[in-house]
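Residue numbers (my numbering), protein chains in the order written: chain A, 2 to 560; chain B, 13 to 572.
Worth flagging that the hints you see were computed from the coordinates, not collected in a lab.
The model shown is predicted, which means the values in this text are computed figures rather than measured ones.
For every residue, glycine included, the Cβ atom is placed at its ideal position computed from N, Cα and C.
Don't take every hint at face value.
Selected chain A positions facing chain B (in silico; Cβ < 8 Å) [claimed, not checked]:
1) GLU14
2) ARG19
3) GLY85
4) ASN103
5) MET162
6) ASP166
7) LYS322
8) ARG539
Residues per chain are reported as follows:
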Amino acid sequence: MAYRSEDLLQGPEKPFYRSIFKSMGYSDFELDHRPMIGIANTFNTLCPGHRNLDEVCRRVSDGILAGGGTPCVFGCIAQCDAIGQGVEGMHYMLPHRDLVANSVESEVRANRLDGIVMLASCDKIVPGMLMAAARLDVPALIVCGGPMLGGIEFDGREADMTSADEAYGMLAAGKIGRGTYDNLENLICPGSGSCSFFGTANSMCSLTEAMGMMLPGGAIIPAVYAARMRHAFESGLAIVDLCRKGITARQIINEKGIRNTIRVAMAEAASTNSILHLCAIAHEAEADIDIIAEYERFNREIPQILKVNPASKYNQEDYYKAGGVPRVMKNLGELLELDAMTVSGKTVGENLAEYVFEYPENTEVVKYPDAPFQAQGGIQIMRGNIAPETGVAKPGAIKAEIHQFTGKAICFDSEEECNKAIIDGKVVDGDVVVLRYEGPKGGPGMREMYKSMKYLHGRGLDTSTALITDGRFSGTNNGCFVGHISPEAADGGPLAAIRDGDIIDIDVDAGTLNVRLSDEEIAERLKDWKPVVKDVPRGYLRMYQKLATSAAKGGYIDY
Amino acid sequence: MERSKKILEGLSNQYTRATMKSMGFSTDDLKRPFIGIANAWSECVPGHFNLRQVAQRVRDGIYKAGGTPVEFGVMGACDGMANGHNGMHYILPSRELIANSVESMAEVNMFDGLVLLGSCDKIVPGMLMAAARLNIPCILLPGGPMMGGVVFDGRESDQTTASEAYGMLSAGKITEKEYTDLEDTACPGCGSCSYLGTANTMCAISEALGMTVPGGGTAPATSAARLVLGELTGEKIVELVKRDIKARDILTKGAIENGIKCCLAMSGSTNAVMHLTAIAREAELDMDVLNLFDTLSDVTPQIAKMNPAAKYNVVDFHIDGGVPRMMEYMQSVLDTGCMTVTGKTVAENIAEYNYPYPRTGKVVHTMDDPFGYTGGVAVLRGNIAPDTGVTKPGAFDKSLHHFEGEAICFDSEEEAEEAILAGKVREGHVVVIRYEGPKGGPGMREMYKAMKFLYGRGLNLSTALITDGRFSGTNNGCFVGHISPEASEGGPIAVIHDGDRIVIDVEKKQLDMLVPQEEIERRLAEWKRPAPKFTKGWLGLYCKIAASGSEGAVLKYDDL
């Protein structure tokens, strides 16, 4: 077949384009009638999940050459959520997802590439890449860098970077000494890789595999395993095959593929951030699907069959050995749409039939639907007069006695204000903390309300208060929490109308979130409403502040 | 150091330190100035192909001087590769993505200083915009120009030789073998283009601005000197951090004026007008770059001349002393008190610079013996271009400095090319190519082929071309570009009709249609904004919020 790139490389003006390639040492063999395949390499020395991507990239390149294609590597930014935590930089996290998507789109189109392998591991980079693939609709697949191994045993489990924060609390309480604390710094992250626990990064990698955009088994192979390098090589072979067969991204990222993704998200109790990202990916794919409604439906229909850190002591390495995503999918079996296409060029059903599990199964990590950890999925969509479009809760992370909570509103217009009030003791038993103007536009950047939750926990308020916000929350929270409320306050959502003292009812089991105010009263209050606009320096963030969509749509830049 | 301390110092920041240590950083590493290296290395961009080696030397320099380097990738696309297909729309917009990417990484990771590695047309200005926006210590270092290729048609060849040879092949002047052989010999190694196009213009300007170490703009990509410059850059960024010399201490009004003068003195790419406008805007400088180009153009002699205006390449310019030599000769007209990334002033840099090669005098002349005063840029205004139009009088025959002709209008480059090839454009025509501005194009493409085709049909002395798009540095014909407001914004260029008389007067700096003002207004009242060409993805957004060429084609979100 003829490839797009041949318009340039075999066209009448071919010496112009070919001489440019040849200035970098490309040969005739590489430029003649072979698919030109871009590798978006987000290697850097700032993001542990991306530190090994240069080695991965080498093996993908080898695979592409062996398969009959020509690799061309380019770079792209990637940020680690952990390093932005707690500084102004956190505002940039979600917005940088769109920069990643736009960069990959530009490179593929500017260079007229035939296919693309996207290397990514961390929270916002994986969805940004999937958005690009869905937008471009060229043959595409993702290879991730894989999770980190667990760290030294601490407090009953293998440590990870969040152990540092927990240990800091213990140090303050005098439970551990300074020497123990200091030692952890070198031992809790023993090598590079995405987080060793099941946060957003590993969630998004495993969901990419579930969607069919990664070769089977690839998502959870630890960063330092030889199997990761073999997977990379095979991915290089696979992309060439996809180019030859003309299997493009939207043949995989379609309604069927996305539904399977949501089913696996439920079975894994994956990060709630996946909702946001799948909304954005479905938008780019122009798929006809209501993501929020599908989450509601599959939350009822799909049981949770995976339980790993932070919900149990098992790490990603244990998940890998227990069979990883293929095991979860195989155990779900007929609950999935087995005829969905994948980047192996085969359907989900064919992939699962052929998959060879290298390690014995471990039902303490992955169970079966008839004997699950929990009959329902792990993500509850919340609606009501506070959240006309959507709100999100994670019932598994909330103690049963506070699944229903009624309390008095205490309102804050930024996380910083809220943190200060909690530390100063202004938040008391029975309060519903309303933390608003932290949505995509309001924040801007829809930050994770990580510290507020930790402080409530630290002050022993986690079972006697609740927190609702238009921001996000981290997977490590444990308290009655509703996030992603949309429309956000900055868009004039009802959240903006709540005043201190209003009574708020939260029912996580029923999926409802209401304030005891009539619709008229809310409308009346919003009549004179003026948004709180955060002062953001000129530049990308200010643009995002003006153009971001609501959480219910995916928080992407719209216009 | 104050920035990185926020994430790396103190008991409570063990979380971030442990995260960094997963990648092998030591306790000591995390106590030093934390220096980001934005590396636009790629295997699709010849000008960036060597940046990995350069980055290694930058890292060495940073370590030597007491800092800790952390490297990350940024996208970057080659203008050449995007030419002649839809990809060209993405090229100018990629400048904004690069600026935004670098801004994001620097703010998340709280770098104390930043080294920017990029060479090509849109990457250098994008990175300088980020530096101006962030206002932290920053140095830009490009990868350097390519060596010239095999001698062909009287000069060392480059990739554009292939386009010219294509014409010769179709005219039967060379054989197919001679044509295809060029493919292996026109570009003998990596580097930015061997001639003075936009890439090398911007690299040289970065040096003139004081944002690149002396000699760093033009040392060849494959030279040992390039690697030495990498190490020097690493050392200097740590010094800048220690002395707290930030980007806006360097990117001052005086520096921008120096940049403009050097651009004019080497007859650099007109794209520099737009990029310097954008950089000045990011630095929040209250200055009109466009007008400065216009006024300085009349008084600044051209003292450096190279390919495509002469047979000498950028490497020959470097050997003849490069930007330092040019600035040394121009001292009397430059603001030599400006600070630079060496931590010294322009004057001090000039005094201390050690020229590696003896002067040849072939590429750089003295101010008393200039190549002429035609290197510059003229800004035209009139009822077609209320805000601005840009031309390069030196690039076309003097007989065309006053041109009057009949309009023939096209709403895209492709339509114009087709008409030219079909013989529909004749002597006396003023070809109007519109809806090619930042929003309209989108992406303000270069009208490279339309000009080449006019030339090919022997019409370059008897026609003119005006557009809201850009033009390439290799043109030779009567040409006005960057017209703004652009057609998609309802600029008057949108309502020119076929047959309208158009007058281009380069001496008087006028660009008008001979249509009464009331008639123009009547036509404008009837004008309807066409649907944008892209409604999705990055270009959909760009179509919507890009500013005009006169404002540097930046993203404009203040009024949203």
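To see whether the hints hold, each was checked on the structure:
Hint status for A:GLU14: holds, given a least beta-carbon distance of 6 Å to chain B, under 8 Å. With a least beta-carbon distance of about 5 Å to chain B, the hint placing A:ARG19 at the interface is held under the 8 Å criterion. For A:GLY85, the suggested interface contact is upheld, since its CB lies about 4 Å from the closest CB of chain B, less than 8 Å. The criterion of a C-beta within 8 Å of any C-beta in chain B is met by A:ASN103, whose closest approach is roughly 4 Å, and the hint holds.
The beta carbon of A:MET162 is positioned within 8 Å of a beta carbon in chain B (closest approach about 5 Å), and the interface hint is therefore held. The closest approach between the C-beta of A:ASP166 and any C-beta of chain B is roughly 5 Å, which is under the 8 Å cut-off, so the hint is satisfied. Taking 8 Å as the C-beta cut-off, the interface hint given for A:LYS322 is violated, the closest approach to chain B being about 21 Å. Contact between A:ARG539 and chain B, as hinted, is supported at the beta carbon level, the nearest pair being about 7 Å apart and thus within 8 Å.
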